[in-house]
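**Q** From first to last, the protein sequence lines stand for chains E and X. Counting in this note's numbering, the final residue of the first sequence is number 113, and the numbers go up one at a time with none missing. Counting in this note's numbering, the final residue of the second sequence is number 228, and the numbers go up one at a time with none missing.
Just so you know, the hints here were simulated from the structure itself, not pulled from any lab data. Heads up, a few of these hints could be off.
As the list claims (entries may be wrong) - Restricting the straight-line Cα-Cα distance to at most 16 Å, the calculated cross-link-like pairs of lysine to aspartate or glutamate (EDC-like) are:
(1) K56/E / D31/E
(2) K56/E / E42/E
(3) K153/X / E42/E
(4) K132/X / E180/X
(5) K154/X / E137/X
(6) K166/X / E197/X
(7) K131/X / D198/X
(8) K71/E / D59/E
(9) K105/E / E137/X
(10) K5/E / E157/X
(11) K71/E / E42/E
(12) K154/X / E42/E
(13) K122/X / E42/E
(14) K153/X / D198/X
(15) K154/X / D31/E
(16) K151/X / D55/E
Unchecked claim - Label-pair restraints from in silico Cβ distances:
(17) G60/E / K151/X: 45 to 51 Å
(18) Q212/X / P82/E: 42 to 48 Å
(19) S214/X / V78/E: 42 to 48 Å
(20) K131/X / S51/E: 40 to 46 Å
(21) P113/E / M128/X: 42 to 48 Å
(22) S178/X / A70/E: 27 to 33 Å
(23) M29/E / K166/X: 34 to 40 Å
(24) T26/E / K166/X: 41 to 47 Å
(25) S12/E / T118/X: 49 to 55 Å
(26) N7/E / S185/X: 37 to 43 Å
(27) P79/E / P121/X: 25 to 31 Å
None of the values given here were measured: they were computed from a predicted structure. Glycine is no exception: its CB is placed at the ideal position from the N, C-alpha and C atoms.
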Amino acid sequence: DQQVKQNSPSLSVQEGRISILNCDYTNSMFDYFLWYKKYPAEGPTFLISISSIKDKNEDGRFTVFLNKSAKHLSLHIVPSQPGDSAVYFCAAKGTGGADGLTFGKGTHLIIQP
Amino acid sequence: DTEVTQTPKHLVMGMTNKKSLKCEQHMGHRAMYWYKQKAKKPPELMFVYSYEKLSINESVPSRFSPECPNSSLLNLHLHALQPEDSALYLCASSLGPGQVSYEQYFGPGTRLTVT
């Protein structure tokens, strides 16, 4: 059973507009959430994270929102730029200090000029 | 510096070969990880080392043998692999237990093809 779900395999957004990527999780033991950006044949690049005790974290153009009661998080990118085109993975970590990450299936973001 | 290096970048091996994948980080991280990623799938956790001790083995077949010689190095020894083991093998590291952030930083991966 998938514990981290990204239900949109792809998303197309116009350059300069806001991109919103969504992620749902089922495991209540997850307490730390991360977003990664990935290009083909490369390792994931860390973007932004959020602890379960917060509901928002912002870093430049990237903001992550966490709704713990709904077990839902979202990544907002504004303004979207052509270089943002990539696959975005949502990941979650359990309460152990060195737990591995559980990844969603990813959303392919395409920024249209 | 958030760099994790992996060698080799590409590896082709036969089913009777023995080979090793290497991973290195100099960020002072005390947790290191191996993930496997098949095409169009998310990364899947294989092993976790915490303070150079194996702490998590996600029921990985014994033809994959991890080793952590010191806090900066992580190896994955491969023997008698199957064609379905062909994948991108990713190494990652993080600060480790008891820290305030748990970001994992990934290397570029080793693209493994088993013939």
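**Q** Decide, hint by hint, whether the structure agrees.
**A** Status of the hints after comparison with the structure:
1. K56/E / D31/E: holds (14 Å)
2. K56/E / E42/E: Violated: K56/E and E42/E sit about 28 Å apart, past 16 Å.
3. K153/X / E42/E: Cα-Cα ~13 Å, so holds.
4. K132/X / E180/X: Given that 16 Å is the threshold and the Cα spacing comes to 13 Å, the pair holds.
5. K154/X / E137/X: violated (25 Å)
6. K166/X / E197/X: violated (28 Å)
7. K131/X / D198/X: holds (14 Å)
8. K71/E / D59/E: With Cα atoms ~22 Å apart, K71/E and D59/E exceed 16 Å; violated.
9. K105/E / E137/X: Not OK: K105/E and E137/X at ~27 Å, beyond 16 Å, violated.
10. K5/E / E157/X: Holds. K5/E to E157/X sits at ~14 Å (cutoff 16 Å).
11. K71/E / E42/E: violated (29 Å)
12. K154/X / E42/E: Holds - the C-alpha atoms of E42/E and K154/X are around 14 Å apart, at most 16 Å.
13. K122/X / E42/E: holds (10 Å)
14. K153/X / D198/X: holds (15 Å)
15. K154/X / D31/E: Roughly 23 Å separates the two Cα atoms, so the pair is violated.
16. K151/X / D55/E: It is violated: about 33 Å lies between the C-alpha atoms, which goes past 16 Å.
17. G60/E / K151/X: 45 to 51 Å: violated (32 Å)
18. Q212/X / P82/E: 42 to 48 Å: At 35 Å between Cβs, range violated.
19. S214/X / V78/E: 42 to 48 Å: violated (24 Å)
20. K131/X / S51/E: 40 to 46 Å: holds (42 Å)
21. P113/E / M128/X: 42 to 48 Å: Given about 47 Å between the Cβ atoms, the range holds.
22. S178/X / A70/E: 27 to 33 Å: violated (42 Å)
23. M29/E / K166/X: 34 to 40 Å: Violated, at about 23 Å.
24. T26/E / K166/X: 41 to 47 Å: Violated, at about 30 Å.
25. S12/E / T118/X: 49 to 55 Å: Taking Cβ atoms as reference, S12/E and T118/X lie about 35 Å apart, which means the hint is violated.
26. N7/E / S185/X: 37 to 43 Å: holds (39 Å)
27. P79/E / P121/X: 25 to 31 Å: violated (39 Å)
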